[in-house]
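**Q** Letter by letter, the chains look like this.
There are 6 protein chains.
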Amino acid sequence: MSLQEEFQAYRSRMNARILGSGSKVFKRLYSLDTLAYQEEGGLDKKTKELMGLCVSLAMRCDSCVKYHIEEALKAGATETEIVETFEIATVIGGTIVIPELRRAFDYLDAVMLGDGEGQEDRG
Amino acid sequence: MSLQEEFQAYRSRMNARILGSGSKVFKRLYSLDTLAYQEEGGLDKKTKELMGLCVSLAMRCDSCVKYHIEEALKAGATETEIVETFEIATVIGGTIVIPELRRAFDYLDAVMLGDGEGQEDRG
Amino acid sequence: MSLQEEFQAYRSRMNARILGSGSKVFKRLYSLDTLAYQEEGGLDKKTKELMGLCVSLAMRCDSCVKYHIEEALKAGATETEIVETFEIATVIGGTIVIPELRRAFDYLDAVMLGDGEGQEDRG
Amino acid sequence: MSLQEEFQAYRSRMNARILGSGSKVFKRLYSLDTLAYQEEGGLDKKTKELMGLCVSLAMRCDSCVKYHIEEALKAGATETEIVETFEIATVIGGTIVIPELRRAFDYLDAVMLGDGEGQEDRG
Amino acid sequence: MSLQEEFQAYRSRMNARILGSGSKVFKRLYSLDTLAYQEEGGLDKKTKELMGLCVSLAMRCDSCVKYHIEEALKAGATETEIVETFEIATVIGGTIVIPELRRAFDYLDAVMLGDGEGQEDRG
Amino acid sequence: MSLQEEFQAYRSRMNARILGSGSKVFKRLYSLDTLAYQEEGGLDKKTKELMGLCVSLAMRCDSCVKYHIEEALKAGATETEIVETFEIATVIGGTIVIPELRRAFDYLDAVMLGDGEGQEDRG
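Top to bottom, those sequences are chains B, C, D, Z, E and W.
The working numbering applies: residue 3 is where the first sequence begins, and numbers increase by one.
The working numbering applies: residue 3 is where the second sequence begins, and numbers increase by one.
The working numbering applies: residue 3 is where the third sequence begins, and numbers increase by one.
The working numbering applies: residue 3 is where the fourth sequence begins, and numbers increase by one.
The working numbering applies: residue 3 is where the fifth sequence begins, and numbers increase by one.
The working numbering applies: residue 3 is where the sixth sequence begins, and numbers increase by one.
Please note: incorrect hints may appear among the correct ones.
A pair holds if it fits inside one copy or across any two, identical chains being indistinguishable in the list.
[Unchecked claim] In silico SDA-like cross-links for lysine to any residue, where the CA-CA straight-line distance does not exceed 20 angstroms:
no., residue 1, residue 2
1, 47, 111
2, 47, 78
3, 29, 44
4, 29, 78
5, 29, 15
6, 48, 5
7, 48, 8
8, 47, 17
9, 47, 115
10, 29, 6
11, 47, 80
12, 48, 15
13, 26, 65
14, 26, 37
15, 48, 80
16, 48, 81
17, 26, 12
18, 47, 25
19, 47, 82
20, 29, 77
21, 76, 18
22, 26, 112
23, 47, 5
24, 26, 46
25, 26, 77
26, 47, 73
If you are wondering where the hints come from, they were derived from the structure by calculation, not from laboratory data.
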């Protein structure tokens, strides 16, 4: 399994575990999350996903960054748009964001180019 | 002076103080900030400002939120787009963002409607 | 109006503004928030409110701290329990929490003793 | 070694290294940490550990979450109480907490069921 | 009372309240805080205070910034050293630190020049 | 490859990727980062690196901590000075910093003693 597949498999398995726990809170939170990124008349889906990516990177949430890179690409974002999103996140969040920025570029390459040998630093 | 004017006056005065300190680091940081929000071929100005707003709200930076509300409006963002940006920030950042969300709506109203009596809670 | 009344009035007014905006996201988020603190068979209401207080203090959200102090008291928490909650939050979050701890004690006194002259430092 | 044993072994080895460094600051900090979670007349041990867990999850500290899951279980917390603690932490901290929530459920299962094959995502 | 005196008075009054609460945890935390900034054979007092200032600014704790500005000046730090400390904090923490940086310069001026009219923005 | 070499190789490779992306923002941010840590008449290089280390630890950025440990040692910092820097960061940031503190000591030992078997916990 590639790095990307491994990440997706873990995410799916554990999301099923969480939603299978019987918790109404988690069920509603997940559905609220879906709602927030839907087109509702204002921003389009791509912009919403890029926003989610921007916040995730500035707040240094590695799995969130990976997830939103995938979703932004699916919604039609170009590499240029994703890199500009990285720029804004890093300028707002400062150099402390750089380690996460390295992983973000690594994952972007893995998803876009089909490589990503999984030799990543997670620190 | 209205709440909005007071905020802008303080920001201008202290930015002048910082840039007048002779620090090359601050001079370059401010110019980097300007660069990051410029149109460079990918995202348009409005989207970049909304992203800055989204991160600012999720990370609970009150002055940053106010500043990006102003800039987003100047760049042509509608109230609907701004409120959807608030939604994404609050879903990502959780209920701990709600006090800042209250101030964000208050400032948005102040800027859009010309009111904003300054009776805000800053906690 | 006392400090406490002013805080409550602002919170109520702006919550009405947010829920009146027509946003389904905010409506559901507020109702999710209510759900999370309800008794559902495990923890009692008081413990849940004290947990909310503990996180709010450790994450330095002033309005959240005030809100959960009120709710914890309503749910029957004693001063000793609240102070022990402050202790855990401050040990986890470190000395950077101390300014917020000062405001938390100030608000606790205001609510419990009916004083709280509003001469608080918000920094 | 299971995931859980590996985590515990590393923690023990490095805590010994830190306390063996001769630093009075670390010695006192560790003893303060112990004191904060002791029963002192107000909250019981279980509640204190669940609070520590709640803050750790909301602030996305993976090792802290694992540690407090273990301690909460030792202090008699049920799975329901732990899941309700997860709920509060995630509602306060928002969807950015979800990746850590996945690991928290994974570790809870590992500790309770004796599985936990160590195939975790750390992002 | 000047801005600075008001801040100091509030801090003193509430610290007395906290230490007077009978909590052993807070008593030991305050004494641990004192210990951490004492000269113990490695770094000198001035460097330790500047470090505290740097972290406080990067983590956007307004009262902490004010406190460490005062302590750094008392320990003999020059304006140049303080401004360089501000630079490092802002580069690490990013543009989201800038509103706090404005208040930091304002307070530095208030302390060094004896002005500081208290017309500060707290957002 | 040792833990340290692996970390350095990943960092170098991805920094080259980022700077090779054509982004002016990242190019200027990296050069601003270099500028902030240069001697400019106030603080010396060693003190600046220790400050960067202190903030990195308090804000729990693992790669940043590793990087600044290396740079502080290169700039002549002693083990005592580094441990005192760890102390200040942990007291400010609280017990939530402890897992990162364990990894910081581990990496310090790896760099100073040439061991560091890579058996680290990353949680």
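**Q** Are the hints correct? Go through all of them and say.
**A** Structure-based check of all given hints:
In this assembly of identical chains, residue 47 and residue 111 lie within 20 angstroms of each other by CA distance neither inside one copy nor across copies; the values are 22 angstroms within and 26 angstroms between. In this homomeric assembly, residue 47 and residue 78 come within 20 angstroms of each other (Cα to Cα) both inside a single copy, at 9 angstroms, and across copies, at 19 angstroms. Proximity of residue 29 and residue 44 under a CA criterion of 20 angstroms is satisfied inter-copy only: 18 angstroms between copies versus 26 angstroms inside one chain copy. Taking the shortest alpha-carbon separations for residue 29 and residue 78, neither the intra-copy value of 28 angstroms nor the inter-copy value of 27 angstroms comes in at or below 20 angstroms.
Taking the shortest alpha-carbon separations for residue 29 and residue 15, only the intra-copy value of 15 angstroms comes in at or below 20 angstroms, while the best inter-copy value is 30 angstroms. Proximity of residue 48 to residue 5 under the C-alpha cut-off of 20 angstroms is found in neither arrangement, the shortest distances being 24 angstroms within a copy and 35 angstroms between copies. Within a single copy, residue 48 and residue 8 get their C-alpha atoms no closer than 25 angstroms, and across copies no closer than 36 angstroms, so neither meets the 20 angstroms cut-off. Taking the closest pair of Cα atoms, residue 47 and residue 17 never come within 20 angstroms of each other, the shortest separation being 22 angstroms inside a single copy and 27 angstroms across copies.
In this homomeric assembly, residue 47 and residue 115 never come within 20 angstroms of each other (Cα to Cα): the closest approach is 23 angstroms inside a single copy and 29 angstroms across copies. In this assembly of identical chains, residue 29 and residue 6 lie within 20 angstroms of each other by CA distance neither inside one copy nor across copies; the values are 25 angstroms within and 28 angstroms between. For a Cα distance limit of 20 angstroms, the shortest separation of residue 47 from residue 80 qualifies both inside one copy, at 14 angstroms, and across copies, at 16 angstroms. Proximity of residue 48 to residue 15 under the C-alpha cut-off of 20 angstroms is found in neither arrangement, the shortest distances being 26 angstroms within a copy and 30 angstroms between copies.
When the C-alpha separation of residue 26 and residue 65 is checked against a cutoff of 20 angstroms, the pair qualifies neither within a copy, at 24 angstroms, nor between copies, at 27 angstroms. Within a single copy, residue 26 and residue 37 get their C-alpha atoms as close as 16 angstroms, and across copies as close as 8 angstroms, so both meet the 20 angstroms cut-off. Within a single copy, residue 48 and residue 80 get their C-alpha atoms as close as 10 angstroms, and across copies as close as 17 angstroms, so both meet the 20 angstroms cut-off. When the C-alpha separation of residue 48 and residue 81 is checked against a cutoff of 20 angstroms, the pair qualifies both within a copy, at 13 angstroms, and between copies, at 19 angstroms.
In this assembly of identical chains, the alpha carbons of residue 26 and residue 12 never lie at most 20 angstroms apart, being 22 angstroms within a copy and 31 angstroms across copies at closest. For the homomeric pair residue 47 and residue 25, the shortest alpha-carbon distance between copies (17 angstroms) is at most 20 angstroms, but the shortest distance inside one copy (28 angstroms) is not. In this homomeric assembly, residue 47 and residue 82 come within 20 angstroms of each other (Cα to Cα) both inside a single copy, at 17 angstroms, and across copies, at 14 angstroms. Taking the shortest Cα distances, residue 29 and residue 77 never come within 20 angstroms of each other, neither inside one copy (24 angstroms) nor across copies (26 angstroms).
Proximity of residue 76 to residue 18 under the C-alpha cut-off of 20 angstroms is found in neither arrangement, the shortest distances being 22 angstroms within a copy and 27 angstroms between copies. In the homo-oligomer, the alpha carbons of residue 26 and residue 112 never lie at most 20 angstroms apart, since the shortest distance is 35 angstroms inside one protomer and 23 angstroms across protomers. For the homomeric pair residue 47 and residue 5, neither the shortest alpha-carbon distance inside one copy (26 angstroms) nor that between copies (34 angstroms) is at most 20 angstroms. With identical chains, the CA atoms of residue 26 and residue 46 are at most 20 angstroms apart between copies only, with a shortest distance of 17 angstroms across copies and 29 angstroms within one.
Neither within a single protomer nor between protomers do residue 26 and residue 77 lie at most 20 angstroms apart by alpha-carbon distance, with minima of 29 angstroms and 23 angstroms respectively. In the homo-oligomer, the alpha carbons of residue 47 and residue 73 lie at most 20 angstroms apart inside one protomer (9 angstroms), although the nearest pairing across protomers, at 22 angstroms, exceeds that limit.
Checked against the numbered hints above, the structure breaks hints 1, 4, 6, 7, 8, 9, 10, 12, 13, 17, 20, 21, 22, 23, 25 and satisfies the rest.
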